[in-house]
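> Residue numbers (our numbering), protein chains in the order written: chain A, 1 to 239; chain B, 240 to 445.
For the record, the hints were derived by calculation from the structure and aren't laboratory data. Among these hints, one or two may not hold up.
[Unchecked claim] Cβ-to-Cβ under 8 Å is the rule here; a few derived chain B residues that face chain A:
{"#": "1", "residue": "Ile-273"}
{"#": "2", "residue": "Ser-288"}
{"#": "3", "residue": "Pro-297"}
{"#": "4", "residue": "Gln-301"}
{"#": "5", "residue": "Arg-423"}
[To be verified] Stretches of chain A that chain B covers, calculated by requiring three or more beta carbons in the stretch to come under 8 Å of a beta carbon on chain B:
{"#": "6", "segment": "29 to 43"}
{"#": "7", "segment": "47 to 61"}
{"#": "8", "segment": "65 to 72"}
{"#": "9", "segment": "147 to 156"}
{"#": "10", "segment": "224 to 233"}
Where a beta carbon is used, it is the ideal one built from N, C-alpha and C, also for glycine.
Now for the letters of each chain:
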Amino acid sequence: MPHPSQHEAFVRRIADEAEDPWEALLASEYAECDACGEALERLQTDGVTELAGKVEAVARDERESLRARGTFGPEREKELVARALAPLVAAAQSESPRSAPSPSASPPPSLARRHLLLMSGLAAAAVGVVWIATRPEEQPDPRLGPAGLRVLAPLGAVAQWGEFRWDARVPTGGGFAVEVLDEHGALIGGVERIEATSWRPPPEQSASWPARIRVRVRVLGAANERIDAAEIEAWLSER
Amino acid sequence: MTVRREPHGETETVPRSDDRDLISQAKRGEPRAIAALFDRLRCVPRMLSHRNRTYGSPLDTQELEDVAQEILIAVWRKLEQFDGRGPIEAWVHRFCVFQFAQALRDRGHAPRGGGWSDGELERVLPRPNEPSPFDLEALHLALDTLEADEAEVVRLKHFAEKSFLEIAHALGISQNTAKARYYRGLRRLQQRLAQTTSNRTSETAR
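Model the full structure from these sequences, guided by the hints.
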């Protein structure tokens, strides 16, 4: 059935006059008329087509990304995920439960329960390690990157920042860089190059740090080329 | 529940049900859920490396791994914000969009890199007629400003590629109501993007 002429006239009028033609259509007697809706779509084209195209481009980008194979390969992907998240998982498990009970709170967990929680936390951290250890080919310990870098401290909740420590295989003439970042990824401290596997931040630096930081340690070659890197999160437990 | 070993040596010990449940279980420390979530979050380095390659590999391998680590940490810290409207991968994809664009800006401050402006960067990134990483970032931010009902229709229309008829049936509304929300959402996007462009122009002029 052709669209009645009075509907067409109405749609043209609201497209010209109403601040929000669609709201005007929904408030009218023709709210359920699909043909009116189609007519209004045809009349409203200024800028819409181009913008709809941009949104479609965003959607297409997401679809392509979700289907993409990437360039790292499955094993390297696993290593990157474990390196980033296993310390956070372990720290989260060791942190809870932490707060002192109030008088009205339930009794603290029994020794057996606390033991179970601790073992669960250790098991959770171990998952991250075992998960990427199930590989067929032989390589230097892949969990720790090409230089075997592993950040040892600070890790998770700490009473004070103290000495930063790490472990790695360093090439001849190589060294390390330490970067301290805030939660937004901004560089707030560190040291550009150091040969030792530990560093104690000077008080004039650490005094201005927030309660939660990220620490990135890089292994550098003799020419300051980047060989390996590891990053962990740490936070002050009482503040 | 059985443990299956996939052809590439991967194991799946938790059925892929509601992703919100998976996150809840992982945050509670359940080892199998953690392993499953780790496996799903492999999408971060995968999507990031694809994005880097698509735009002409402006980041080297080390920089790419650094950005992947930053994204993974940010995702982990914000897991409670996942709303479950789509798969985890789609939610994580936004982190990749934002962090990749930021990494390109930061490259201007890196010891080895040059100080590229947005315009210069767009000239060297080989994707003519396609949105730049900064366009995509701006569009995602603009999409975040939509009302919930508008965002729902826009995402179903473009990201899920549904027709207005399908959207209307899915949401239990009329086609005209679906269209009204959609076009209202597009108008809001238009205003937001115009505002963003105006802000950038003002900052450049200072």
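> Would you mind marking each hint as holding or not holding in the structure?
Quick rundown of the hints versus the structure:
At about 5 Å, the closest approach between the beta carbon of Ile-273 (chain B) and any beta carbon in chain A falls short of 8 Å, and the interface hint on this residue holds. The closest approach between the C-beta of Ser-288 (chain B) and any C-beta of chain A is roughly 4 Å, which is under the 8 Å cut-off, so the hint is satisfied. The criterion of a C-beta within 8 Å of any C-beta in chain A is not met by Pro-297 (chain B), whose closest approach is roughly 14 Å, and the hint is violated. The beta carbon of Gln-301 (chain B) comes within 4 Å of a beta carbon in chain A, closer than 8 Å, and the hint placing it at the interface holds.
Interface restraint check: Arg-423 (chain B) against chain A, minimum CB-CB distance 7 Å, threshold 8 Å, status holds. With 8 residues bearing a CB less than 8 Å from a CB of chain B, the segment 29 to 43 of chain A meets the requirement of three and the coverage assertion stands. Against chain B, the segment 47 to 61 of chain A contributes 11 residues with a C-beta closer than 8 Å to a partner C-beta. That satisfies the three-residue criterion, and the hint holds. Residue count for the segment 65 to 72 of chain A with a Cβ under 8 Å from a Cβ of chain B: 7. That meets the three needed, and the coverage hint holds.
Beta-carbon proximity to chain B at under 8 Å applies to 0 residues in the segment 147 to 156 of chain A; the threshold of 3 is not reached and the given coverage is violated. Counting residues of the segment 224 to 233 of chain A whose C-beta lies closer than 8 Å to any C-beta of chain B gives 4; at least three are required, and the coverage claim holds.
This entry does not satisfy hints 3, 9, going by the numbered hints stated previously.
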